[in-house]
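Protein chains: 2
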Amino acid sequence: MQEVQNYIQANKDRFLEELLELLKIPSVSADPAFKNDVIKTAEFVADSLNKAGVDNVEVCPTAGNPIVYGDKIINPDLPTVLVYGHYDVQPADPIELWESGPFEPVIKKTEIHPDGAIFARGSCDDKGQLYMHVKAIEALLANDALPCNVKFMIEGEEEVGSVNLGIFCKENTEKLSCDVILISDTSIIANDTPSITTALRGLSYVEVEVTGPNRDLHSGVYGGGVANPINVLCDMIASLHDENGHITVEGFYDDVEELSMEERKKMAEAPFNEEAYKKSLGIDAVQGEKGYSTEERVSIRPTLDVNGIWGGYIGEGAKTVLPSKAFAKISMRLVPHQDSDKITELFSNHFNKIAPDSVKVEVKPHHGGAPAVTPTDTPEYQAAHLAMIDTFGKDPIPKREGGSIPIVALFEEVLNAKSVLMGFGLNSDAIHSPNEHFGLFNFYKGIETIPYFYKHYAELKK
Amino acid sequence: MQEVQNYIQANKDRFLEELLELLKIPSVSADPAFKNDVIKTAEFVADSLNKAGVDNVEVCPTAGNPIVYGDKIINPDLPTVLVYGHYDVQPADPIELWESGPFEPVIKKTEIHPDGAIFARGSCDDKGQLYMHVKAIEALLANDALPCNVKFMIEGEEEVGSVNLGIFCKENTEKLSCDVILISDTSIIANDTPSITTALRGLSYVEVEVTGPNRDLHSGVYGGGVANPINVLCDMIASLHDENGHITVEGFYDDVEELSMEERKKMAEAPFNEEAYKKSLGIDAVQGEKGYSTEERVSIRPTLDVNGIWGGYIGEGAKTVLPSKAFAKISMRLVPHQDSDKITELFSNHFNKIAPDSVKVEVKPHHGGAPAVTPTDTPEYQAAHLAMIDTFGKDPIPKREGGSIPIVALFEEVLNAKSVLMGFGLNSDAIHSPNEHFGLFNFYKGIETIPYFYKHYAELKK
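Residue numbers (this note's numbering), protein chains in the order written: chain A, 4 to 465; chain B, 4 to 465.
It is possible that some hints are incorrect.
Given that identical chains are not distinguished, each listed pair holds provided it fits within a single copy or across any two copies.
The list that follows gives simulated cross-link-like pairs (lysine-lysine, DSS-like), each with its CA atoms no further than 27 Å apart [unchecked claim]: (1) Lys282 to Lys363; (2) Lys112 to Lys75; (3) Lys345 to Lys397; (4) Lys363 to Lys281; (5) Lys293 to Lys268; (6) Lys293 to Lys363; (7) Lys464 to Lys27; (8) Lys75 to Lys448; (9) Lys367 to Lys397; (10) Lys293 to Lys356; (11) Lys345 to Lys281; (12) Lys293 to Lys43.
If you're looking for bench data, these hints aren't it; they were derived computationally from the structure.
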């Protein structure tokens, strides 16, 4: 293992340069305008796996964006780890808030990243983290030190719901057969406080359209007499939470897993500084569901957030219009036992029910995803735990995260394998936001830790 | 007068062609991108006044868009009518809903306009109506039949608050001195039901900005724990009306003129078919303040409408963002005795007061305008009344309108003259909306009626 670590040290600068090239390709999956760049990125990833020494690399077409597959089977009797990651990225909007181009990566030092961080869309989510795996296997293979079989499945539709990955998995269960799935698409608590993610929230995402009159109207001539779809939409959205921050959609909490006081007490022991949290976000007060702490609100409790809203005149100056339509994108983060499709249906029913007669509403479901919990008493969790001790020098903390990797639940169902969520980002890395970044410390720590994971996992599975 | 009417008949086609040329210039005052077109339009109007035989025509520069002035003083002892109109237009957005180009006028027949209507931005509001005045004076001067003095003041900032017109009036009280101001920027009830506008609503217009976290956040990582400015904005907007449709801004109704039951009863006699109204707008139900009819809600009652809202991700597909900011443009229509500046201040105070600690809000006032009432027992109202009888063959109905011409109150204050609101549009002409149009019937009826107004006014003032 020392040789592997020496190799990583010796090739650090090249690893970084390669990642920067990967980050330059704008693989935005939500916008069809980037289709060619998405393909180019898949090819880049495949090429990098090939160069690392991985076998059977292929860019597998799907009905959407291709999936990159590759494997290294050193001995069929040894356990097999399937590495999952995604090469697609979130849209860069709002582009004007980026301090440097989202696809022109630069290294800058920050308070949290004194050694420097890579600023670019996808640097942390998930190109930087998937590339740690490519470089880790390169280091292992170059030193003939791979202790288990490894497969790679890197997709290009994670940010738009992984629709085709599900089909791909179902059609390739043999090819993808494995003992565990290893995913680096989450975060640690801090660079001196390693953690392993033990739960993810699910997602239900809808777009709503409220239609009032059949055309935009003059707000003087009609104002007061005709329902304004923006005002109505605001009323409807406001009514989705009660005064305690509970979501009012009928049946929404029916399946929510309630944690015991003991579990909640244990959670509260993880370091969290609310003053620092507020300061870093520039807010005077946190806000959320009554009866729960901030850490609980963002992990063990379901939410409902408007992710986008628009309607009427949004240009410069004033226009006195009573618009025909108003729109919103609304997502709900779900916790264990809530079902994404069921929640989408409950929302749709509720939203139609609360609409006044004066408007028509339409609810269009976008992608969803199931919540997931990973147990901590498994060989894979233990392997991640031991690997982090090796490189961080301290015990990682088990941690429930608020984000979603919808595919985790599907892996369990289709591939009959558990996932281990060993990510290396930080919550402050601004993923999905302008100025997304990924610490150099974190990038290298990931590359260093992954080989230890394989080593411990192979040993624990003996 | 018969010669004047004959002249109008003989020159109908040319009048229309000239108006179509005027409509081709996109004089959008709200958007600086159209600055050159605005200037070009002012020059077109000045040129048309010159050709009509008006004297002293000039394009008067202001700090904003120029004002076109011209006059025809036939005898200082005769009364003087100041014609006011505006050559600027509303933005054409949403452009995709226009069936033909907003600045490529076409004539099409409709159910309401079987003789055809001119479809173009500004056709009714107000280029088409101001051009009726240019053609009416041409007809009078060509036949040596002008019975009084006439001055013209055509501005280019009506749609953005007429800021510089106020200054212009104050600096030119002598030049603009007159006995009455004649404005055609309103509507009649129907082509077989002439009406004269006796009141206009005022306007207070603000833009609000709600800021939550200092950057866009991942809605999974932070959702539930941090106030989402879109949700907060929706809550705040929803709270601006109570369950009866009353506006909750403190002090909002303090100065509202309450009409007597007798006045309301008289109003209710004007023809109004609610089923036809709903059908024409494609709505199943009207909505508004409890205790008032639709006609009252859009004329004698103040309103609060969101004219535009935006925030978060509004592109294709899904983005799970918890945005930093959300925005709305909100306007309030005011009724007699409400003061625009006071209402803006009340709104601003209220909006700041209801904001939760978890966000910061900013309220930016746009232009406003005072409500106006015109009495019906004056020579100018009688002149308009008699002129309409001459051309429509029936008594026009006095009618309060919901729109605003903020300058009417200012004229009274600065020029010490009352206005008479003799417009010829229809409410269904889609002003401020896509597919704005103006009936050919209405255009010609206006040109025919205006000379009778001058005749009756001169006689009544003898």
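Taking the hints in turn, this is what the structure says about them:
Within a single copy, lysine 282 and lysine 363 get their C-alpha atoms only as close as 42 Å, which misses the 27 Å cut-off; across copies the closest is 14 Å, which meets it. Neither within a single protomer nor between protomers do lysine 112 and lysine 75 lie at most 27 Å apart by alpha-carbon distance, with minima of 37 Å and 73 Å respectively. Taking CA atoms no more than 27 Å apart as the test, lysine 345 paired with lysine 397 passes in neither setting, with 41 Å inside one copy and 63 Å between copies. In the homo-oligomer, the alpha carbons of lysine 363 and lysine 281 lie at most 27 Å apart only across protomers (14 Å), although the nearest pairing inside one protomer, at 40 Å, exceeds that limit.
Only within a single protomer do lysine 293 and lysine 268 lie at most 27 Å apart by alpha-carbon distance; the minimum there is 17 Å, versus 51 Å between protomers. Proximity of lysine 293 to lysine 363 under the C-alpha cut-off of 27 Å is restricted to the inter-copy arrangement: shortest distance 21 Å between copies versus 33 Å within a copy. Proximity of lysine 464 to lysine 27 under the C-alpha cut-off of 27 Å is found in neither arrangement, the shortest distances being 39 Å within a copy and 78 Å between copies. Within a single copy, lysine 75 and lysine 448 get their C-alpha atoms as close as 23 Å, which meets the 27 Å cut-off; across copies the closest is 86 Å, which misses it.
In this homomeric assembly, lysine 367 and lysine 397 never come within 27 Å of each other (Cα to Cα): the closest approach is 47 Å inside a single copy and 53 Å across copies. Taking the shortest alpha-carbon separations for lysine 293 and lysine 356, both the intra-copy value of 26 Å and the inter-copy value of 22 Å come in at or below 27 Å. When the C-alpha separation of lysine 345 and lysine 281 is checked against a cutoff of 27 Å, the pair qualifies neither within a copy, at 34 Å, nor between copies, at 36 Å. Proximity of lysine 293 and lysine 43 under a CA criterion of 27 Å is satisfied in neither setting, with 47 Å inside one chain copy and 60 Å between copies.
Hint compliance for this structure: hints 2, 3, 7, 9, 11 and 12 are broken, all remaining hints hold.
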